[in-house]
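**Student:** Given these sequences and hints, build the entire structure.
So the sequence lines, in the order shown, correspond to chains A and B.
Residue 166 in this note's numbering sits at position 177 of the first sequence, and the numbers go up by one each step.
Residue 48 in this note's numbering sits at position 59 of the second sequence, and the numbers go up by one each step.
Hints listed in this document are in silico derivations from the structure and should not be mistaken for laboratory results.
Don't take each hint at face value.
If several chains are the same, the list does not tell them apart, and a pair holds so long as it fits within one copy or across any two.
Said to hold, decoys possible - 16 Å max Cα-Cα, derived EDC-like pairs, lysine to aspartate or glutamate: (1) K117 - E29; (2) K126 - D153; (3) K92 - D123; (4) K52 - E66; (5) K59 - E43; (6) K111 - E43; (7) K(-6) - E199; (8) K15 - E180; (9) K(-6) - E43; (10) K111 - E180.
Protein chains: 2
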Amino acid sequence: MASIKITPEPTIRRLPKYVHLLTILKHKGVKSVSSTMIAESLELDSTLVRKDIEATGIVGRPKTGFLVDKLIMALREHLNWNNEDDAFLIGAGSLGAAILGYKGFRECGLNIVAAFDNNPAKIGTVIKNVPVLDYTKLEEHCRRMHIHIGIITVPAPVAQQTADALIRGGVRAIWNFSPTQIATPQWVVVEYAQLTMSLAVLKRKLRETELTDNSIQETK
Amino acid sequence: MASIKITPEPTIRRLPKYVHLLTILKHKGVKSVSSTMIAESLELDSTLVRKDIEATGIVGRPKTGFLVDKLIMALREHLNWNNEDDAFLIGAGSLGAAILGYKGFRECGLNIVAAFDNNPAKIGTVIKNVPVLDYTKLEEHCRRMHIHIGIITVPAPVAQQTADALIRGGVRAIWNFSPTQIATPQWVVVEYAQLTMSLAVLKRKLRETELTDNSIQETK
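**Tutor:** Spelled out as structure tokens, the structure:
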């Protein structure tokens, strides 16, 4: 039995930053790179970067470090970006349409082949080259096309039933843009896109810096 | 001098989930709630939830716990959602337009008052009720309107110069949707929206479950 090494989530989140940096370096003509160089450019600890890179299984050479091309390939392979997955998006509202129009996801191995909605005015239309189909056919289409990834951009109250339909259709991974906590069988991967949480961090930190400034002025 | 308690980032990221759950409970007519009930609904550790709620400064009552209304208010206040911040968005492409059209951010105290772009075909147009202005006027408008939050949705290569213009204009918090690591003075808050990182986690975990399934079949 092949052993599967589970990569820690914080590591996975850093790997795309490395790919992005290395791609820039490649375009600048840089041929080889060390984990220390990457660490300095991204203001990260160099031991952390070395361990992250080791997780991909690539082995660097003494002094020269890693060939940029090979390191990009190893990172992309580990992130499963070289292997394109077809996905369905459910909820063709403003957020859904945005995701359909964002070209960056294709680069990360995600190909959205159809969108679903329950609004008769939207069904049969095409948004950003992606056809919008009838929500009632979701489960059937998932099964027929062997879709493994569902992207949920429906309003919060219907997020759970959307997830249920996807799972009945055989979907194994859900990217959830709704703020709803979704209950799923243990073998389904759920990742929350967390836009609201990200905004919450921004707003709270801004408030904390404002409060700090005020208290500094008060002490003057 | 007033002491400012810095809320840990993982706590901040959980608070919006509490607000969401409590809002549902409120609509169902629930009047009071305990941290244990919240913990069970969201499948979190109840000590963790109690500590998160304590960070807002609200004090529960023995037996009854918290009044739902007051807890929502305390959470929103701590998240700085009751205090609406005006923001500029830079880069009126497909991702930018999506963010302009997403109504959920207003609920979190973010009001996008203008977008900026360098494309003459876009300047002067209105997207989702938000006017698109000339990028070369960004710094001047930031200063004149006392804008403190900038949302960056420009292509990666111009993200740094966009951030520089925002900071010269007096912006103190940047919500960065580009994959570029941005260099800023220490007093500027930068939050990465991390859509690509979120997708990376989803794809990698899906791959790990697939590998696990295959190895189980191999051992049969």
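**Student:** Next step is simple, just say for each hint if it's right about the structure.
**Tutor:** Now for the hints, and whether the structure bears them out:
no.: 1; hint: K117 - E29; result: neither (39 Å within a copy, 41 Å between copies)
no.: 2; hint: K126 - D153; result: within (13 Å within a copy, 48 Å between copies)
no.: 3; hint: K92 - D123; result: neither (24 Å within a copy, 24 Å between copies)
no.: 4; hint: K52 - E66; result: neither (24 Å within a copy, 53 Å between copies)
no.: 5; hint: K59 - E43; result: within (13 Å within a copy, 49 Å between copies)
no.: 6; hint: K111 - E43; result: neither (47 Å within a copy, 45 Å between copies)
no.: 7; hint: K(-6) - E199; result: between (44 Å within a copy, 13 Å between copies)
no.: 8; hint: K15 - E180; result: neither (31 Å within a copy, 26 Å between copies)
no.: 9; hint: K(-6) - E43; result: within (12 Å within a copy, 38 Å between copies)
no.: 10; hint: K111 - E180; result: neither (27 Å within a copy, 34 Å between copies)
Checked against the numbered hints above, the structure breaks hints 1, 3, 4, 6, 8, 10 and satisfies the rest.
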